[in-house]
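Fit chains S and R to the given chain L structure using the hints.
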Amino acid sequence: MKIGVDYYPEHWGEDYWKEDVAAMSRAGVQIVRIGEFAWGMMEPEEGKFDFQWLDKIVSMFTEAGIEIVLCTPTCTPPQWMFEKYPEIIQVGTDGKRVPIGIRGHRCMNSPLFRDKVKTMIQKLVHHFKDNENIAAWQIDNELEANFCCCPVCAEKFREYVKKKYKTIEKVNEAYGNDVWSGRYTSFSQINPPFGTHQTWLNPSYMLDFNRFASESTVEYLNFQAGLIREIVPQMKLTTNNWLPENIPDFYKLFENMDFVSYDNYPTTVIPEDPEELYSHAFHLDLMRGIKRKNFWIMEELSGSLGSWMPMTATPEPGMIKGYALQAAAHGADAVLHFRWRTAKSGAEMFWHGLIDQSNIPGRRFEEFCSLTGTLKENPVPEETEIHNQAAILYSTESEYAFKIQPQVEGMHYFTQLKAYHDAFTANGVGVDMIDANSDFSGYRIVVAPALFLADEELAGRAEEFVRKGGHFVLTNRSGVKDENNQCVCRALPGIFADLAGVYVTEYDPVGLKKQRIRIQKDSWKQGSILCVSAEDKDTAFARDELCCSLWCDILGIETADVLAVYGENFYENAPAVTRNHFGQGECYYVGTVLNRRGMISLIGEIVRVAGAEHIMGLPLGVEYTVRESEKERIHFLFNNTNRKKKMELRRVNAYGMGEPVKYELEPFEMQIERQML
Amino acid sequence: MKIGVDYYPEHWGEDYWKEDVAAMSRAGVQIVRIGEFAWGMMEPEEGKFDFQWLDKIVSMFTEAGIEIVLCTPTCTPPQWMFEKYPEIIQVGTDGKRVPIGIRGHRCMNSPLFRDKVKTMIQKLVHHFKDNENIAAWQIDNELEANFCCCPVCAEKFREYVKKKYKTIEKVNEAYGNDVWSGRYTSFSQINPPFGTHQTWLNPSYMLDFNRFASESTVEYLNFQAGLIREIVPQMKLTTNNWLPENIPDFYKLFENMDFVSYDNYPTTVIPEDPEELYSHAFHLDLMRGIKRKNFWIMEELSGSLGSWMPMTATPEPGMIKGYALQAAAHGADAVLHFRWRTAKSGAEMFWHGLIDQSNIPGRRFEEFCSLTGTLKENPVPEETEIHNQAAILYSTESEYAFKIQPQVEGMHYFTQLKAYHDAFTANGVGVDMIDANSDFSGYRIVVAPALFLADEELAGRAEEFVRKGGHFVLTNRSGVKDENNQCVCRALPGIFADLAGVYVTEYDPVGLKKQRIRIQKDSWKQGSILCVSAEDKDTAFARDELCCSLWCDILGIETADVLAVYGENFYENAPAVTRNHFGQGECYYVGTVLNRRGMISLIGEIVRVAGAEHIMGLPLGVEYTVRESEKERIHFLFNNTNRKKKMELRRVNAYGMGEPVKYELEPFEMQIERQML
Amino acid sequence: MKIGVDYYPEHWGEDYWKEDVAAMSRAGVQIVRIGEFAWGMMEPEEGKFDFQWLDKIVSMFTEAGIEIVLCTPTCTPPQWMFEKYPEIIQVGTDGKRVPIGIRGHRCMNSPLFRDKVKTMIQKLVHHFKDNENIAAWQIDNELEANFCCCPVCAEKFREYVKKKYKTIEKVNEAYGNDVWSGRYTSFSQINPPFGTHQTWLNPSYMLDFNRFASESTVEYLNFQAGLIREIVPQMKLTTNNWLPENIPDFYKLFENMDFVSYDNYPTTVIPEDPEELYSHAFHLDLMRGIKRKNFWIMEELSGSLGSWMPMTATPEPGMIKGYALQAAAHGADAVLHFRWRTAKSGAEMFWHGLIDQSNIPGRRFEEFCSLTGTLKENPVPEETEIHNQAAILYSTESEYAFKIQPQVEGMHYFTQLKAYHDAFTANGVGVDMIDANSDFSGYRIVVAPALFLADEELAGRAEEFVRKGGHFVLTNRSGVKDENNQCVCRALPGIFADLAGVYVTEYDPVGLKKQRIRIQKDSWKQGSILCVSAEDKDTAFARDELCCSLWCDILGIETADVLAVYGENFYENAPAVTRNHFGQGECYYVGTVLNRRGMISLIGEIVRVAGAEHIMGLPLGVEYTVRESEKERIHFLFNNTNRKKKMELRRVNAYGMGEPVKYELEPFEMQIERQML
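Protein chains in written order, with my numbering: chain L, 7 to 683; chain S, 7 to 683; chain R, 7 to 683.
If we strip away everything but chain L, and leave its shape as in the complex, we get (with noise of 0.2 Å):
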């Protein structure tokens, strides 16, 4: 595992590189990443490239043993290009070309840009490509869904769409044009979604927008990968990913890269509530679950971040290295910290890096230099791999579908996801976030947290799994769409009935005002007894009472056992979650949204059900991770929070329940224990 920084030459005069370069060395940086916005430096002019200054630098960090990452800088075009050829430009849904100046605005559709971007990569990449200290490419920067209303992407759009309906009638039929006389008569009347009242919009029409948004985007990532690859075939190519406003499909977007890069801003501001979602490996167990393997972060954070928004506070002590070891913890390979220096121009200069302006080291810096030194000690080795028991199901067009179309006041798909997340981890339970469109039978339990639009395929799978003896969890908003984004004409949760062994006769959304729930089985009350730590006996989370809200679904059961009645309401003693034994497995329907304290009760349930392996006495924000290879084992403990915590822990498994063992971690420490197999 790396520790590197991201690093702008072109920023700096060359009088800062030498010292610089020097100052990363002593400082243990391995791998840098440069030249992602520096396309005005590159082509100065229409057809004039100069990459003398790169080569100077690539080559003082060639000589000094520190590995490159080189970008494409195709996020920035110069301003000549802008000037000269405003149809790159991205278009809004008002209609209008989006204002220039800032990064990003350019149209992925373009050909015109996309000539642009082909003569420059391969000018770029041939003029490096000989140059072994290059670890990789990057490709662009954190890609957006390419969600473009201009007059290409309208025509690239009718023809996304005449390709998948091939007749008008298809459409309208996919659409379900019918009403308020929405049926097309030529392909010509469609267009981009126009207008900011976009939820007035056809949700059907609206999912085949973002799905070609996406499209865009993962096609113009792979013409520039193809570029690449026809003058360095064997290069690793990436690109750093985000959570834009309009995500592409991951999966899709990373089929054809070597690896994942993320950019990791965890919040440098701990929030009080303890019912507030707190963990940062959502994002980083998700990353690695786009490949189902280790990734990099390409962006860590380095200090109080700001320029367009406010600042915020900067890092309290041990966050910088806390958080990168976090990072390694939950399968990075590589954690680059943005960036060596702040910007002293430019709208970025407030987001600072590990040195301030003032290029005085200070505090956050050494910071650094002691993660860098820990990593020396204690060596995270790529071959180290995370193999967990427990899954979560990320869907891509679920996502969509509920940004269409909110569901109720305070309920996100994202927040479900992370709602499980945090579960599993306080139940000392490593979980993989996979797509749901993915195979998933190797886990012993599997969550599918509001998978709003799934297809029988889907089902099917889920089926098989419980059947063989898997523990799957459904929720509430599960199985309401089919692939068009129109509902289906049965009783929810749908294609996922039969499984779930329960159906939904009503459902009541409750939005934010909290709701009784009883539970029906002392097993659960015990599991939620058992999560809690010594640690966390006396805080308001401990006391706090099991509730529900947002969503209520009331169940009719088929097959299924009832685990917990709502409390109130004229649904009162109605089922609210329940569980179905499906051949030799189980299937859980979680019929509303529990609070924090009900879904890790629910969770810690779940997981003594399913005899998965489990740590028994974490205190909330402590993590426990494993990365092992043929050779060793390398356990992670990580307090991700700002007080010291004490702990006794037991590993519960197959074998039965180990003996306790003590720690105490300073805030956001991470211990590591290495283990020789």
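Check the hints yourself; a few may be wrong.
You can't tell identical chains apart in this list, so a pair holds if it fits in one copy or across any two.
[Stated by the list, open to error] Simulated crosslink set (DSSO-like; lysine-lysine; CA at most 30 Å straight-line): (1) Lys409 to Lys102; (2) Lys382 to Lys299; (3) Lys90 to Lys102; (4) Lys176 to Lys54; (5) Lys90 to Lys242; (6) Lys54 to Lys650; (7) Lys474 to Lys382; (8) Lys299 to Lys54; (9) Lys520 to Lys54; (10) Lys242 to Lys176; (11) Lys519 to Lys24; (12) Lys129 to Lys176; (13) Lys527 to Lys168.
No wet-lab data here; the hints were simulated from the structure.
Below, chains S and R alone, put in the same frame as chain L:
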């Protein structure tokens, strides 16, 4: 009185139709509304009309003995029309065509659109002219004032202004254009109100634009009515009314219609704050008052609402039936539930019908069946009508003027109306909401809340009414504006000053902060006690002290008696509420905005003094109304809350106080008592 | 010192004029302002000028001995001009012409508009050039920096940049354009700042655009001044200043004016939170500081404000008189109340004047008459001026830079200035608000809050000032930026480091959360006690503990003494406030933002150490100021609150502590004491 549903045959395959019609028959459906969004199905290509599908379903309903409301589908022009004739699309205040895809975005003034409408309506009405099962035609859907800024409307508005004022000099006078160099030298300088900061625009001009927008809609409606009546002169016509942002003049809108229809969606979440007004009867009485006769509910709450907004809670048990009966109790002769089955596609799929997409009847549907059963046992004949002794005046132009110039934070025209309506209801007095421009001589008590803009004619009618013994209530913000929306240059309440016997020496827009007030008359205090039922004695509401907020007129007395004075500020002890003996009657002036407790007490006092018939002992939220014909009187007692209510009621009228009678009502229960005459 | 009113003869028929002028005479009005929105009346058609109506009213005032401020009406071009020459209309950041109908929407750079202005002014001034009753001309109205994005301004901005930097390469350097490929290759690529997300734009470029917008306005003002002075070279010129969103550089704006005018609208609602700053004197002192001499109030609060916003509460008794006298106490030589009578038409009809539309004089008018009476008895001669020992620096460019890049939630440049102003006022020390770019060598104490952007010259002046014995106060966010709005590459406070004797090792943008802080010096603690009057001892304010928020600089000490340290976080015990002995003086560095209690205590300590004259025993909200000439000294004691205040005051100066004197002030009462010299 009939019960029906809204139905969209075009959303469902023909396979559904037969069973749907049969199920409706079984459920007691007497009438359906169809067709209001189906232009795309009726004219799938320009000039090609297809009514075959409609014939089929119309026949099925006819055979089943279910009456039909057919609609002109002009709210949703087909996509081919938008593509070929973009000039029919409304233009917003940003000067741009509204993005299509949603509904209702046609410019009602567009000559081209009118042509298309004409052809469609002539074909459609001609086609069905001989069907005797058609009970009425609904024209278009949920009409707003046509607030369109397209070139056609701009020119038409100029003509409107020219016709009204003849010369540009008269326009300048009427608008007071010498302010800020607003003087026009040519009609061509008059434009629609572009821009987002409309409160910066001249309020006199803005009022005219609102009038013009309303008249455009009225003219459009009558244009359609004319086309229909040419073919079927005896046919009943209506349009379904609502309360949009840009409200047309209801009285002009329905002048030429046979009856009023309303889309009735009471809230499903009962407010907890006893100060929050909560009675849907206000809207029902407003609708009945438009033509001063019975009306229809064309769309009625059937489930959770959502789609472009997050979903609301589902209706509590009793609401679906109770709200429908409440409509009957306030004069509805038909209630059509929106909709038979929830949509499976399109943007409205979470605006729930009686049956969900699964087509499995559930709790809501059962309640609907219980409703039809109850009405079969207990029919409410159309000839029974409502006769009240009290009325509240609604002034379209005051509503416009208040919207154009917000007076103080928290003060809205409709809230003022509702507060008085609520106070009558709480005192067991039925109340009509009527046009301020109509004759109100038949009532005992007339309240004119916030008659911001008023003319001499209205003031004369009010004086005549009081002179002959009427009880008239004026409030703050009355008589402020002349017909040009300029401020009157005399002491407020201006034209009402003689009648009120007071003048406003100064006012204080105090906003949301509560102010103390002191009652001067014992009678009012007693009223305050009397109006609280035993049931409510221990509630927060009953303990609440009488106070005021928002606005304080500091009154000078000419001839009036002081009923209440302010209890703080530099105008402590200045008159706040007065009563002026005038001719044979009384005129009250309410210089401030009382809290709910105060408002109910005050109206109690006024009812007592006026000797109006009323019911004592009603708990808050229980409503009493009467429908009567020559043959019978039907008494309705409705629990508009989600708590069980016990009460002991006594009728008070000219003959004295009746004997106490005990009642008990379940949540949302309606008790109906028939009395033969 | 004169009292006057703003009057709009063009809004009222000539019938009103005679009586209005007579009533003004009776009321003691000495001066009126007229004409600033009357272009439409002065040039009713293009090229046809009409000053007859103006002649009449001017004659009437002249005969009545009432002086006149005449205005150029260029804020509101007539409608025919907008129609014929739409290119004179401003363009917003959305690239569209601003919707007209409101006022102030002309592009000050438009050559065509300038032509029209030129003709109008030449005609108008020539017409009145011999009237000796005209006291001054007001140019235009409430000028903002001309933030226009029209093609003319775009081109002019390009020229501005070209002139400043000569080559495009210098522009790229100054803007740091190598970030995000922002490098220009041609001046034609420079555009106005389009788009809504302006914080994403390059801050160096944004600062230049702000400078350009300000200079455009200054140039426009001087263009008008030149036209007037060509005809009447001796005439006094001014423009009425305010605090708009886009503030021009006040010092350059008024460089060429004879005196500053200000539109003074203090709040009518007294805040309840003692932490909320509440003194309108800040604005008055800011205005006096622009030219460092007496100024005028051209518009003064006369009633409830409203129209484009809901109305505010009406002024409490005493406010109208008290605020006018407060202006005098801070250097106003004229106060003109806005307006004589409230408008009856146009968008401003709820922005209340002294008399309401009814034309019946009321409480507010009586208070105005009492004001003129008081000043007749107790004249405040124009030759009396204010001489203070303390000053606060205002930096236009720091204000721009703070606005361009918000630093942390809740932190605003003006709030910082106000907090220091408040602290001096509470300590009974008069304070001047002056240009940071001006000479401040005459003061004992100079505070420079948040001198975000500063240059060596200013740092040099500060050092010189302290070296000679001055007391200088620096705060966090000082010396952060160079003149190009790039971050300086040295430890903060950068150019002030030597003077402060500290350096910022790191900072923590803590935001709104309160932080503990501990005082190290007893003297400061005492100051903290002394500054609280007996009156305030029991208030929440007095019990409040000293704390800080928003921003925490963690200081390293070079030569300074530590006055206070942080009381929590990882930098507990790190220096927060320091004092550095430098030459003969002291430089304080305040690394955080103290709460009101802390700020007052700190300034108390600084005043004590500096030996500045001050008044002990002032209750919060009571303000003490002095105007003096060679002949006399006038002491003003003003109760800026709505509570009666009792106090015992002692003067402290070089001669020691004076005898205690008791005072009692009614709400908003001004006590004036004359002292002959």
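Within, between, both or neither: Lys382, Lys299 at alpha-carbon 30 Å: For Lys382 and Lys299, the Cα distance is within 30 Å only inside one copy (23 Å; across copies 68 Å).
Homomeric proximity label, Lys54 with Lys650: Cα distance no greater than 30 Å: neither (58 Å within a copy, 77 Å between copies)
Homomeric proximity label, Lys242 with Lys176: Cα distance no greater than 30 Å: Neither, since 42 Å and 39 Å both go past 30 Å.
Copy assignment of Lys90 with Lys102, given that the CA separation must stay at most 30 Å: So Lys90 and Lys102 pass the 30 Å test inside a copy (17 Å) and across (22 Å) alike.
Lys520 and Lys54: within-copy, between-copy, both or neither at 30 Å Cα: neither (64 Å within a copy, 55 Å between copies)
Intra- versus inter-subunit Cα pairing at 30 Å for Lys90 with Lys242: So Lys90 and Lys242 fail the 30 Å test inside a copy (34 Å) and across (51 Å) alike.
Up to 30 Å CA-CA - Lys168 versus Lys527, copy category: Classified as neither; 54 Å inside a copy, 78 Å across copies.
Up to 30 Å CA-CA - Lys24 versus Lys519, copy category: The answer is neither: 60 Å in one copy and 42 Å across copies each exceed 30 Å.
Intra- versus inter-subunit Cα pairing at 30 Å for Lys474 with Lys382: neither (44 Å within a copy, 56 Å between copies)
Identical-chain pair category, Lys299 with Lys54, by Cα at 30 Å: Neither: 40 Å inside a chain and 59 Å across chains, both beyond 30 Å.
Within, between, both or neither, where Lys176 and Lys54 count as close if Cα-Cα is 30 Å or less: So Lys176 and Lys54 pass the 30 Å test across copies only (21 Å; inside, 49 Å).
Up to 30 Å CA-CA - Lys176 versus Lys129, copy category: between (45 Å within a copy, 28 Å between copies)
Hint check: violations occur at hints 5, 6, 7, 8, 9, 10, 11 and 13; the rest are consistent with the structure.
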